[in-house]
Amino acid sequence: MKIACLNLDRLVSVAIRPLGMPRADLYELYKLLDKDGPISYQIANALLERRGAKVGIISGAADKVNFPNGESDGPPGAVAMARALERLGYDVTIYTEEPCVMGMEEMKKVLGCKAPVEVLELDLCNHYHEIAKKLDIAIITEKLGMNEMGYQHSVTGRSREGHRAKVDYIILEMNAMGKLTVGIGDGGNEVGFGKVYEAARKLIPLGEQCICGCGGGIITTTPTTFLYPVSISNWGAYALCAALALATGDKSLIVQPEEEEKILRRCIEIELVDGGSGRPAYALDGVDGASSVGCVTLMKEIVELTGTTTNRAF
Numbered sequence: 001m002k003i004a005c006l007n008l009d010r011l012v013s014v015a016i017r018p019l020g021m022p023r024a025d026l027y028e029l030y031k032l033l034d035k036d037g038p039i040s041y042q043i044a045n046a047l048l049e050r051r052g053a054k055v056g057i058i059s060g061a062a063d064k065v066n067f068p069n070g071e072s073d074g075p076p077g078a079v080a081m082a083r084a085l086e087r088l089g090y091d092v093t094i095y096t097e098e099p100c101v102m103g104m105e106e107m108k109k110v111l112g113c114k115a116p117v118e119v120l121e122l123d124l125c126n127h128y129h130e131i132a133k134k135l136d137i138a139i140i141t142e143k144l145g146m147n148e149m150g151y152q153h154s155v156t157g158r159s160r161e162g163h164r165a166k167v168d169y170i171i172l173e174m175n176a177m178g179k180l181t182v183g184i185g186d187g188g189n190e191v192g193f194g195k196v197y198e199a200a201r202k203l204i205p206l207g208e209q210c211i212c213g214c215g216g217g218i219i220t221t222t223p224t225t226f227l228y229p230v231s232i233s234n235w236g237a238y239a240l241c242a243a244l245a246l247a248t249g250d251k252s253l254i255v256q257p258e259e260e261e262k263i264l265r266r267c268i269e270i271e272l273v274d275g276g277s278g279r280p281a282y283a284l285d286g287v288d289g290a291s292s293v294g295c296v297t298l299m300k301e302i303v304e305l306t307g308t309t310t311n312r313a314f
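The sequence shown begins at 1 in my numbering and counts up one residue at a time.
Don't read these hints as lab results, they were simulated from the structure. A portion of the hints provided could be inaccurate.
Said to hold, decoys possible - Derived lysine-lysine pairs resembling BS3-like cross-links, with alpha carbons at most 27 angstroms apart:
1. 134 - 64
2. 134 - 179
3. 251 - 108
4. 31 - 2
5. 179 - 195
6. 2 - 35
Let's have the full structure, built from the sequences with the hints guiding it.
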């Protein structure tokens, strides 16, 4: 299983970004975190040690101007993780802001997920404390975190203040209580990258100095128990589903290539925006949709072949 998980991690760590988007080899950060084995392997084992736990999956990237319904990277991965975990017997709830609820519900329909969706309030309130208190595990994917000045940023260094919940407070409280937290991200500005804060600031463009004028960079200071730095956040979530399938032998946990195609098509129809082009498109973070389907196909193949024995007599 370790070799298979390593291959999953290599697959989803391939840096793919169009020109004009900040680019960095996040595998450099991955190598700071894999001392105890492939990261997907570590996370899958940590999750399976807590069977039946209350899990919160947090995602969504709403922006009134650029992403009024949210982005196509985030909700599909969140729902895929929710489906895998509910099939394994976990008590799963998805959390997102009001503008992203519709996108989450549509992804649930595509993937056949039953987990309820709860709204994250934008204002700091006791709601965050209640969430942190009732959850045993938090998985946070493609979700902006605060930099050292307390501000949220896009990967291009622009302010995202006032559009998204500051879920850092949920994660920080859960960390303080010794609960399991998992961060999945692809830009350094997402919750979890505080685990490799200094290295990320040096590696990632705009890591030390954004363009919004706040005086800080885009890297979040909020750490998670495990950080899974990947090229596209959805792929990271899909890879964790595959790792759980490897660990349990339950192949129903993986995302199928035809499901990914349906996801991308549905994202266009409901106007979940491609983060690379800034418009609804058959793409994911600027990567052509066919390539994303191909990536999912390779994940499936890794799981399938790992459980297959062949006798080559020549």
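Going through the hints against the structure:
Taking the CA atoms of residue 134 and residue 64, the gap is about 30 angstroms. The hint is violated against a cut of 27 angstroms. Only pairs whose Cα atoms come within 27 angstroms are accepted, and residue 134 paired with residue 179 is accepted, the gap being roughly 11 angstroms. Taking the CA atoms of residue 251 and residue 108, the gap is about 19 angstroms. The hint holds against a cut of 27 angstroms. Taking the CA atoms of residue 31 and residue 2, the gap is about 15 angstroms. The hint holds against a cut of 27 angstroms.
For the hint pairing residue 179 with residue 195, the CA-to-CA distance comes to about 15 angstroms; that is within 27 angstroms, so the pair holds. For the proposed pair residue 2 and residue 35, the alpha carbon gap of about 13 angstroms is at most 27 angstroms, so the pair holds.
Of the numbered hints stated above, the single one contradicted by the structure is hint 1.
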